[in-house]
Structure formats: structure tokens, C-alpha cells
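Asker: Given two chains presented individually in distinct reference frames, assemble the corresponding complex, making use of the accompanying hints.
As you go down the protein sequences, you meet chains H and X in turn.
Just so you know, we're using our numbering here: the first sequence kicks off at 24 and counts up by one.
Just so you know, we're using our numbering here: the second sequence kicks off at 5 and counts up by one.
Some hints could be false.
To be verified - Among the chain X residues that face chain H by a calculated CB cut under 7 Å, a handful are: (1) L48; (2) L50; (3) A87; (4) Y90; (5) T105.
Hints are computed from structural coordinates only; laboratory data are not their basis.
Note that CB positions come from ideal geometry on N, CA and C, so glycine has one too.
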Amino acid sequence: DAGVTQSPTHLIKTRGQQVTLRCSPISGHKSVSWYQQVLGQGPQFIFQYYEKEERGRGNFPDRFSARQFPNYSSELNVNALLLGDSALYLCASSLIGVEAFFGQGTRLTVV
Amino acid sequence: AQRVTQPEKLLSVFKGAPVELKCNYSYSGSPELFWYVQYSRQRLQLLLRHISRESIKGFTADLNKGETSFHLKKPFAQEEDSAMYYCALAGNTGNQFYFGTGTSLTVIP
Numbered sequence: 024d025a026g027v028t029q030s031p032t033h034l035i036k037t038r039g040q041q042v043t044l045r046c047s048p049i050s051g052h053k054s055v056s057w058y059q060q061v062l063g064q065g066p067q068f069i070f071q072y073y074e075k076e077e078r079g080r081g082n083f084p085d086r087f088s089a090r091q092f093p094n095y096s097s098e099l100n101v102n103a104l105l106l107g108d109s110a111l112y113l114c115a116s117s118l119i120g121v122e123a124f125f126g127q128g129t130r131l132t133v134v
Numbered sequence: 005a006q007r008v009t010q011p012e013k014l015l016s017v018f019k020g021a022p023v024e025l026k027c028n029y030s031y032s033g034s035p036e037l038f039w040y041v042q043y044s045r046q047r048l049q050l051l052l053r054h055i056s057r058e059s060i061k062g063f064t065a066d067l068n069k070g071e072t073s074f075h076l077k078k079p080f081a082q083e084e085d086s087a088m089y090y091c092a093l094a095g096n097t098g099n100q101f102y103f104g105t106g107t108s109l110t111v112i113p
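Pulled out of the complex, with its shape left as it was, chain X reads as follows (with noise of 0.2 Å):
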């Protein structure tokens, strides 16, 4: 069965420190990854997929399918990137996730 998991809950950084936020999946085929934000009053939104190997808002995430993560890094936080973070698998047919409970990233100025 697939599964996710996202071990904090809450994450607090100085501005322009190194953020990482951790999820590691379970998934027994091949697993499409991908990295939802909600900022505050705003509906769930895309960040980015481990597909389109993409760096967005200058956040990567790499899928290692040794250790089943898919960390979300930023070399440098800033304010703006305080919001809710969560980790999502996508199943077999596409617009079908499953997502870890979310970390709620706070950036101090």
C-alpha cells in the first residue's frame, strides 16, 4: 500500500539559513512524486514534481528511491516561504494522491 510520511510536523528557520523538509514514501511500483504548498488563505497548490526535475521559488527535491525520500531543500529561506508543505504520491491513474500530514514551515526574519 502507498504511503507517506513526513516526520515534522512543525519547522521553524532564520531567514536565508537552509531549509529541509523531509519525506520518505512507500510505494511497491514506481512512484511519481510531488511537493503541494498552501500559503496562508490560499488553496493548495503545486510546488513542484520529481519529474519535470524542476527548481521552483528555489526549492529541488530529488527522488532517491534507495532510501524512498523525497526531501524538499532550499539553500537559502526566505519570509515569503513560510506555508504549509506537504509531500504527495500520485497513484495509478493520475489525480489520485496521497499525501503525508503536511509541515508547517515558519521562516523568522
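In isolation and in its complexed conformation, chain H is listed as follows (with noise of 0.2 Å):
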């Protein structure tokens, strides 16, 4: 079992670039959500998406977008990069209701 996938691991953009990050769920699992933790707190909730629809959104703007594949697989898009967006994003999946697995995350640096 590979566990959820992120890719890149690691990325950096320029200000008001665009950047797609991706993840590959746990094999089964319809949902994933997506989570920004900037350096020192906790993860925030961005977006969930289920069986390709999304299930809720955290308050981030929305230069921040997502979408859900056919195959469970999702895509975390962010425009106009800021500053601020500099994070460690977290993907995890899960069987709605049960333990929620998560990715090893990617590294953005916007510079």
C-alpha cells in the first residue's frame, strides 16, 4: 500500500505565478481534502472533494481552486501566488466518516 501520493514534493514560484499540486488517494478512497500548514500551526482546511463534487471549503480566497478526477485523484491549484502562500501542503484521504490519511505533503516557497 503506497499510501496517499503527493507530487512535487518540493516547488518554487515567483509572485503572481500559478502552481498545480497534485494527489493520488489511498486506493477506494472517494474523498480528499486538502490542507495549508504554514510554518509553526496547525494544518487548515482548504477544500474537500467527494465522488468528484466538493463537500466544503475553508476560508481561503479564491485564487485557491481544486478539482476531483474520475479516478479519485485530485489537483490543488493557487493563482497569483503571494508571499503568504508559502506552506506545506497536505492532501489526505479517507472513507467519508472513518480515519483520514494523509500525504507527505508538498513544499511551496514563493519568493
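Answerer: Shown next, in the form of C-alpha cells:
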């Protein structure tokens, strides 16, 4: 079992650019959620998707968007990057109502 | 609105001593609470959830609705317990967690 996989593991972007982060859930898990973890803080909920539909959205600007594909993998897209978007982005997958399994995260640095 | 508070960012205890990591929450509905742990260089993983009422690695946590708390306890700390601990509250649809800021636990040999 490979667990939840995220790509890339690290990346550096310039202010104003756009970035796409990818997540592959554990086989059989239909729910994927995204979190932002700024240094020194706990993970903050961004989005939840289930069966390709958005089920929840945290308090993030419209520059953040996501989608889920028929194979349940997911992408998180951030437009017009700001320095403050620098963070670890975590993906978690689960069967609904059961334990969430987290990926290793993507470390995004905006310069 | 849901909120999770972990008042201690850092906690150090000696091996064999009792440990308690504090967590308070605010939530208008019926809360579902969890403790997640992150060991060095590992991914975030579930330690325990209040519904299961299990004891994992010697840790227990009791939901106190009157005090809106879900403190994590272990009677005898071990060196391998050194890690970052996050208290989390589940949202309505599951897989939607609201985390505290975390407590870094160091167990001194």
C-alpha cells in the first residue's frame, strides 16, 4: 500500500505565478481533502471533495481552487501566488466518516 | 464557528513521568474529536478518536463536554513519544478537520 502520494515534494515559484499540486488517494478512498500548514501552525482546511463534488471549503480566497478526477485523484490550484502562500500543502484521503490518511505534503516556497 | 485550542506549544517531561496535552474546543453541534501525531520525518497519522474510546500506545483522551476539553494523557511517558501532537475537530461531512496549533512533546531520558 503506497498510501497517499503527493507531487511534487518541493517547488519554488515566483510571486504572481500559478501552481498546481497533485494528490493520489489510497485505493478505494473516494474523499480527498486539502490543507495548508504554515510553519508553526496546525493544518488549515482548504477543500474537501467526494465523488468529484466539492463538499466543503475553508476560509481561503478564490485564488485557491481544486478538482477531483474520475479516478479520485485531485489537484489543488493556486493562482496569483503571494509570499504568504508559502507553506506545506497536505492532502488527506478517507472513506467518509472514517480515519483520514495524510500524504507527506508538498512544500511550496514563493519568492 | 469551530475552533480548537492547544495552549502549550512546547512540553517537556522526563521519561516515566505522566504527561497531559491540553485541548479545548468550541463547536455548536455534537463534536467528534481526534488526536493526530507526527513523529520526526513522518507523515501526520491518527493517534486516537474519542468515539472509539481506545487506548493507543498507552494514550487516552476523554471528551468532557462540560469543559469542552479533550485532553490527551499518558501515565508514563516514553522517549518514543517525543513528537508533534495535534488535536482536531471533525466537520460535518467527515475528512474535514479543524486542527489546533499543535504541541511539541519532548520526553527527556
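Asker: Provide an ascending list of the numbers of those earlier hints which the structure does not satisfy.
Answerer: 3
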